[in-house]
Each structure stands twice: as structure tokens, then as C-alpha cells.
Amino acid sequence: MKKEDLQTPLNPSIQNQGDMSFSRDASKIIDSDGFRKPRYMGYVLQMTSTLFICFQLLFAKFIFQRNPDMTVTHLLAYRQFISVTVYSFAIGKNYKKVLIQSITRQVMPLLVLRIGCGIGYQLAIFFSARYLPLVYVGLCQNLGPLFTAVLSFFILKLALSRLNIVVLMVSLVGVFLIITGSSKADAQVVMEGDSFLTTVVPYLTLVLFPVFDSIIFIASSLIKQVPSLAISFYYALSMLIVFSFVTMVNTGTFFSLFATFEAMDFILLLGTGFVSASIGFMFQRAIQYEEPAKLSLVDFFQSVFQFLFDIIIFQSTFNGQQIWGMCIVFGINGVKWGLGIRDNFFKKKADKEEIKE
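When we follow this note's numbering, the leftmost residue of the sequence shown carries the number -14, and every step to the right adds one.
Treat the hints with care, since some could be wrong.
To be verified - Calculated lysine-lysine pairs in the DSBU-like style (CA-CA distance at most 35 Å, straight line): (1) Lys82 <-> Lys22; (2) Lys81 <-> Lys142; (3) Lys22 <-> Lys81; (4) Lys142 <-> Lys22; (5) Lys22 <-> Lys321; (6) Lys22 <-> Lys78; (7) Lys321 <-> Lys142; (8) Lys78 <-> Lys142.
Stated by the list, open to error - The following label-pair restraints were derived from C-beta to C-beta distances: (9) Ile252 <-> Leu293: 16 to 26 Å; (10) Leu255 <-> Pro53: 15 to 25 Å; (11) Gly323 <-> Gln91: 36 to 46 Å; (12) Lys81 <-> Met154: 41 to 51 Å; (13) Val158 <-> Ile297: 35 to 45 Å; (14) Ala244 <-> Arg90: 12 to 22 Å; (15) Leu36 <-> Ala244: 31 to 41 Å; (16) Ile297 <-> Gln91: 42 to 52 Å; (17) Phe230 <-> Ser73: 14 to 24 Å; (18) Asn235 <-> Gly305: 43 to 53 Å.
Hint data in this document are derived by calculation from the structure and do not stem from the laboratory.
Glycine residues also receive a C-beta, built at the ideal position from the N, C-alpha and C atoms.
Work the whole structure out from these sequences, hints included.
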């Protein structure tokens, strides 16, 4: 990644058309809709980010199993400390341009909203990951595209095409088959006593997933002119401050858990931090390439990936219904991407050959 790429204006629609500070070469990297070129990179980044989220949940599950005394806020604070460190090295000497000059009064409210929903989302997802099967987490996360599509239509005035609507609905059916076909889901639930905190709250947090997810997508899209590293850094720093404070208030301890850590625990923790930093940056960069409602459709793959992890790592059983569900998700998205590859590569090449003739 080039250093100057961190300060590149990404949304011509909000730029002053008479402002000569806007690069004359902007059209080479930004299309008429205000998105980066090529648009397919948004899907590549979002798919990679989705896979990394699954790894992050997997690392978290292992850490909680190895350290029963660790709370969700402990893990979030440790993870964000690593993420802030990674972002700081990535920003380097450009910190003034990236972290100060790029943040204007116009984007401040949306940045605060994006960070606030991000904190709530992470707290909900890790709390659920501790007490519920990962496949449950994946299911509720995949309800996000529905909310994102609705908010995108009313706020951004961007409607999904008929093909994307079909992909959305059919993928939901596939995910539903995967989840309802799980015969060992109840056996995997980790209940630590019968307290309200472990029996009711985890299910309540599942309801918040699609709400937080959709708001994050929309808010990120509205401030995509801000450098990706700036948003990621402030988000990670805010989470570090909030969850460090919550951890100290609730437990009175912070670093004392390290005394019981083994080498594998530190490796898992470092892995979680680096993966978290990668997810934050890739998500923000993907928003710069494509519309939020379209990118949110990629989230359907998380249930498939998470289900495969449950089978391979936790020896969960699976049946024909779940296989059909995975085939539906991969199949309908494969058709969509196949059509996209045809239109963006083969069709363009054919048009160029016709022009030459």
C-alpha cells in the first residue's frame, strides 16, 4: 500500500468541483459513482474479511476454553491494544494527515456513530461466542444484509438489482437450512450456571447483530472519503479505552491474567490482534470499492465457513440438509459472480475487439 494512498479523496460527489486540490488523475482510480476502481476488489476484500472474522471467533473460542477466568472485555481490550499498535506502525510519520487533517466537522458525527455501533457489535459478538455455538453467531450476523439493504435504499437511495435481491433471499434460505439442520447445536452451548447473564443475555445480543451491522455499513459508506487507517485506528483506540475501563471496573484486574498464560495463549492472543487489525482495514477499504448493500451479501459465507469450522475443529455432526444449505449459498453466489466476471472481463474484451475491427 502506497503512503499517498492514505490521503486520496475517495468520494468526488462531496468534493468541490472547482477545487484544484482534487487530483486530475482521480478519474483513473475513482469512477463516476465515487467508488474506487476496480469495483470487484470490494468483494475480494470483503470475502477475505469475512473469512478472517471466522478465524477471529475461532481464536476467541480457544482462548476462552483455555482461560475460564477471562472475560469478554479482557479479550477485547487485549486484542485492541495489539490492533492499535499495528495501525500506529502502518500510519507512521503520516499521522498528522491521516489522523488529524482528514477528520472534519462534517464527518465527526458519523465517525462517532460508526465507532459506537462497532463497539456494541463487537461486545455482542464475543459475548455470544463465549456462551453459544459459533453457528448461531453466524446465523444472526447474516441477517444483517436485510437491514443493510433497507437502510441503503432509504438513506443512500441505492436499491439492489433484481439479481442481488434473488441472491439475498436464496442465500437466506441456504443459511436457514444450515442452522436448522444442526443436530448438536444445543449440546455445544456453554452455560456457566443458570444466571441471567449466561442464559438470557447471550440470546438478546444475537438480536442486536443485524441492527449494529447495518448501521456500520451505512455510516462507513457515508464517510468513505476518510482514510481507511484513520477510521480503523480511532475505532480500535476507542474500543481499547472503553473495554479497558469496563474490565478494571468489573474485575479489578487487567494484566494479572498474563501470569497464568502459556506460550499458546500468547500466540492465540497475538493472532486475534493481528486478524482484528486486518479485518478493520479491509472492511473500510472494501466500502471504498462497492455499495454497502452489495458488499453485505458476502456475509452469507460466514455461516458456511463457521459451520465448516464447527465440523472440523469441534467435531460437530452434519446431515444432508446442511449440505444442501451450503450448496445453495455457494451455488447462487457462484452464479452471481460468474455473471459479474463475464460482464466485467469477457464482455469488455469483446467490446474492445469490436471497436478495433
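To see whether the hints hold, each was checked on the structure:
1. Lys82 <-> Lys22: Holds. Lys82 to Lys22 sits at ~23 Å (cutoff 35 Å).
2. Lys81 <-> Lys142: holds, 34 Å
3. Lys22 <-> Lys81: holds, 27 Å
4. Lys142 <-> Lys22: holds, 21 Å
5. Lys22 <-> Lys321: Between Lys22 and Lys321 the Cα gap is close to 19 Å, so the pair holds against 35 Å.
6. Lys22 <-> Lys78: The hint holds at about 27 Å.
7. Lys321 <-> Lys142: holds, 22 Å
8. Lys78 <-> Lys142: violated, 38 Å
9. Ile252 <-> Leu293: 16 to 26 Å: With a Cβ separation near 23 Å, Ile252 and Leu293 satisfy 16 to 26 Å, so the hint holds.
10. Leu255 <-> Pro53: 15 to 25 Å: holds, 21 Å
11. Gly323 <-> Gln91: 36 to 46 Å: holds, 40 Å
12. Lys81 <-> Met154: 41 to 51 Å: Hint holds: Cβ distance 47 Å, inside 41 to 51 Å.
13. Val158 <-> Ile297: 35 to 45 Å: Given about 24 Å between the Cβ atoms, the range is violated.
14. Ala244 <-> Arg90: 12 to 22 Å: Check failed, 46 Å falls outside 12 to 22 Å.
15. Leu36 <-> Ala244: 31 to 41 Å: holds, 34 Å
16. Ile297 <-> Gln91: 42 to 52 Å: Given a distance of about 47 Å, which is inside 42 to 52 Å, the answer is holds.
17. Phe230 <-> Ser73: 14 to 24 Å: holds, 20 Å
18. Asn235 <-> Gly305: 43 to 53 Å: holds, 45 Å
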